[in-house]
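K.L.:
Top line first, the protein sequences correspond to chains H and V. With this note's numbering, the residue at position 116 of the first sequence is 116, and numbering never jumps. If you count the second sequence from 1, you need to add 1000 to reach this note's numbering.
You may find that some hints are simply not true.
Pairwise CB distance ranges, derived in the manner of DEER restraints [what the hints assert, rightly or not]:
#	chain 1	residue 1	chain 2	residue 2	range
1	H	333	V	1036	33 to 43 Å
2	V	1009	H	323	52 to 62 Å
3	V	1050	H	60	54 to 64 Å
4	H	44	V	1050	25 to 35 Å
5	V	1055	H	197	35 to 45 Å
6	H	214	V	1057	43 to 53 Å
7	H	214	V	1006	50 to 60 Å
8	H	212	V	1057	46 to 56 Å
9	V	1006	H	323	16 to 26 Å
10	V	1065	H	60	40 to 50 Å
Note that these hints are calculated values from the structure, not bench results. Small disclaimer: the values here were computed from a predicted structure and weren't measured. Virtual Cβ for every residue (Gly too), placed ideally from N, Cα, C.
Residue strings, one per chain:
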Amino acid sequence: MQDLNLSQPQAISLLEFNGRIKRLLNDSSVLNCWVMAETSDVRINRHCYLELLQKNPNTGETIARIRAVIWANTFQRLSYNFMQVTGQPFNNGMKVMVLVSASFHEQYGISLVINDINPEFTLGDMARRRIEIIQRLTSEGIINMNKELEWPEVPQRIAVISAQGAAGYGDFMNQLRNNPYGLKFYTALFGAVMQGQQTVPSVIAALEKIGANEDLFDCVVIIRGGGSTTDLNWFDDYTLAANVAQFPLPVIVGIGHERDVTVLDYVAAERVKTPTAAAELLIGKGSAALAHLTELTNDVVSIARNYISRSSEQLAYLSSTIPMAARHLAERARMQLQQFMSNIPLHAKSRIDAEREKLGRTADRIKDAAARAMLKEQMRLEAMNDKVQLLSPRNTLNRGYSLTLCNGKAVTDASQLKAGDVITSHFKTGHVQSTVK
Amino acid sequence: MEEELKQLTYTQAIAELEQIVQKMQSADCTIDNLSDYTARSLQLLKVCKSKLTETDEKLKKILAELDEEKQ
Chain H
1 MQDLNLSQPQ AISLLEFNGR IKRLLNDSSV LNCWVMAETS DVRINRHCYL ELLQKNPNTG
61 ETIARIRAVI WANTFQRLSY NFMQVTGQPF NNGMKVMVLV SASFHEQYGI SLVINDINPE
121 FTLGDMARRR IEIIQRLTSE GIINMNKELE WPEVPQRIAV ISAQGAAGYG DFMNQLRNNP
181 YGLKFYTALF GAVMQGQQTV PSVIAALEKI GANEDLFDCV VIIRGGGSTT DLNWFDDYTL
241 AANVAQFPLP VIVGIGHERD VTVLDYVAAE RVKTPTAAAE LLIGKGSAAL AHLTELTNDV
301 VSIARNYISR SSEQLAYLSS TIPMAARHLA ERARMQLQQF MSNIPLHAKS RIDAEREKLG
361 RTADRIKDAA ARAMLKEQMR LEAMNDKVQL LSPRNTLNRG YSLTLCNGKA VTDASQLKAG
421 DVITSHFKTG HVQSTVK
Chain V
1001 MEEELKQLTY TQAIAELEQI VQKMQSADCT IDNLSDYTAR SLQLLKVCKS KLTETDEKLK
1061 KILAELDEEK Q
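Looking at chain V on its own, in the form it has when it is part of the complex:
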């Protein structure tokens, strides 16, 4: 589960999130799947936020190699 979340891109995560929120707002949502939806959406929100605010060291390194200042 954690791994799967980490693999998501921001675009994928936000798209799934929008979809879930839409489902939650629709008649499809029942109390049975509510907790699943809520749990998943909060996880996705966390992923999205961390993508915006936490440093991705791997990416940083790749780009640093392209960065001419470091050459």
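Chain H extracted, bound-state conformation:
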């Protein structure tokens, strides 16, 4: 056993070793040095205990980590100042610039003691983060989607996202209810946590619930407030902003105050400072619609009135002009008639003349035709006459022949005669009677 001990190297106690580390850390390079880090696991119990981290900006993986503490008396001063500058309480997930000294405790190990915080750095980082979110929403083409939605004529059915029982919600409801125009609004509250880590998931859950009943609502109002202006940082969230930007109903955001702007203010259809202002905005839209209705009523009445008076004027004019017009018309008709009448004899005469002339021409044609026909007949008669003349008994007698008649009949055969017949012989001139022997 002793041999074994002798062969062992010389060892020191852990306490002593830790003491050496502690002495090593007493070096200006790790004392009062400004460090940029991210806060995590912040616990406040008079003193503020936390972890400082550095993450890989691309992967989000933690690449450095150390415990830190802010002693109570320092923390009181620093946290007040931090709130004044950033509007936020000192909390988790913040980019901070802290003045630190490495400190080693033999029992608890290494940690950093924070002696100062530069709140301007955190403010700058918040602004930068906000700008990054806005740039992302812009490049994705969704930043103006909610703003470009068409508002219903009068938004009366309102989905409200707010913390139940919050003063801001009460203000909003009172303002709506007591509007001086008697406008009716219908609201449904969708409760959500409006600060702290649950803000984003609970507001998104409320939006989803409203989205499922989209047809029942005209718009969404997201309100918080009354009281502190703290914790707006929770609304600077890409997912929430993207949800609001793409929400199918117009969203009114009333979560900030004078000075504070969150990313939601850039994407919502309307941004106002307070819940009361959100109510005023809605009342304004309603009262504008009422005013428009009044205007239309006046229009209708005045148009109708104008029409009636114009029509009765027209009627009066017509009633005064009708007798004149009638006289004028009658006169014109009479003149026309007269003209017709004077034209009638003229027309008649020329018509008669024309007929007469036609008739004359026809008569001439008839005469001509008759004359021609007569002449032809005459000539035929003459020809016949010549023939008859040629054949007539007289002609034969003339040439020395005689004609014997017995009992008025021509005797052509002597055997026809018997003695005692009285016959008459005709000569060219005269005749004789003889008795057959």
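Got chain H sorted already, so can you dock chain V onto it with the hints?
P.N.:
Below, chain V alone, put in the same frame as chain H:
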């Protein structure tokens, strides 16, 4: 007629109203249809106004069911 008017949404009513007023202002309007136009537009105006100022109990009830306070 009453029923038909009640069925109209505010948007429909105001759209028809605008249209009628436009017609009344145009040459289309004659004394013959003037009284029809006027009567219809005054009815529509009444509907619109009542939609803005009178409580719709049915709607109120539906929304109250969604309202988490009442659950």
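K.L.:
Using the beta carbons of residue 212 (chain H) and residue 1057 (chain V), state whether their distance is inside 46 to 56 Å or not.
P.N.:
At roughly 23 Å between Cβ atoms, residue 1057 (chain V) and residue 212 (chain H) fall outside 46 to 56 Å, so the hint is violated.
K.L.:
Given the range 33 to 43 Å, decide if the beta-carbon distance of residue 333 (chain H) to residue 1036 (chain V) lies inside it.
P.N.:
holds, 39 Å
K.L.:
For the hint 54 to 64 Å, verify it against the beta carbon of residue 1050 (chain V) and that of residue 60 (chain H).
P.N.:
At 57 Å between Cβs, range holds.
K.L.:
State, for the Cβ atoms of residue 1065 (chain V) and residue 60 (chain H), whether the hinted interval 40 to 50 Å holds or is violated.
P.N.:
Since the Cβ atoms of residue 1065 (chain V) and residue 60 (chain H) sit about 42 Å apart, the hinted range of 40 to 50 Å holds.
K.L.:
Taking the CB of residue 214 (chain H) and the CB of residue 1006 (chain V), does the distance hold inside 50 to 60 Å?
P.N.:
violated, 24 Å
K.L.:
With 25 to 35 Å as the target window, see if residue 44 (chain H) and residue 1050 (chain V) comply at their CB atoms.
P.N.:
violated, 57 Å
K.L.:
Is 16 to 26 Å right for how far apart the beta carbons of residue 1006 (chain V) and residue 323 (chain H) are?
P.N.:
At 52 Å between Cβs, range violated.
K.L.:
Taking the CB of residue 1055 (chain V) and the CB of residue 197 (chain H), does the distance hold inside 35 to 45 Å?
P.N.:
At 40 Å between Cβs, range holds.
K.L.:
Using the C-beta atoms of residue 214 (chain H) and residue 1057 (chain V), is the stated range 43 to 53 Å upheld?
P.N.:
Roughly 22 Å apart at Cβ, these two residues miss the hinted range, so it is violated.
K.L.:
Go ahead and decide if the range 52 to 62 Å is satisfied by the Cβ distance of residue 1009 (chain V) to residue 323 (chain H).
P.N.:
Hint holds: Cβ distance 54 Å, inside 52 to 62 Å.
Hints 4, 6, 7, 8, 9 from the list above are not met by this structure, while the remaining hints are.
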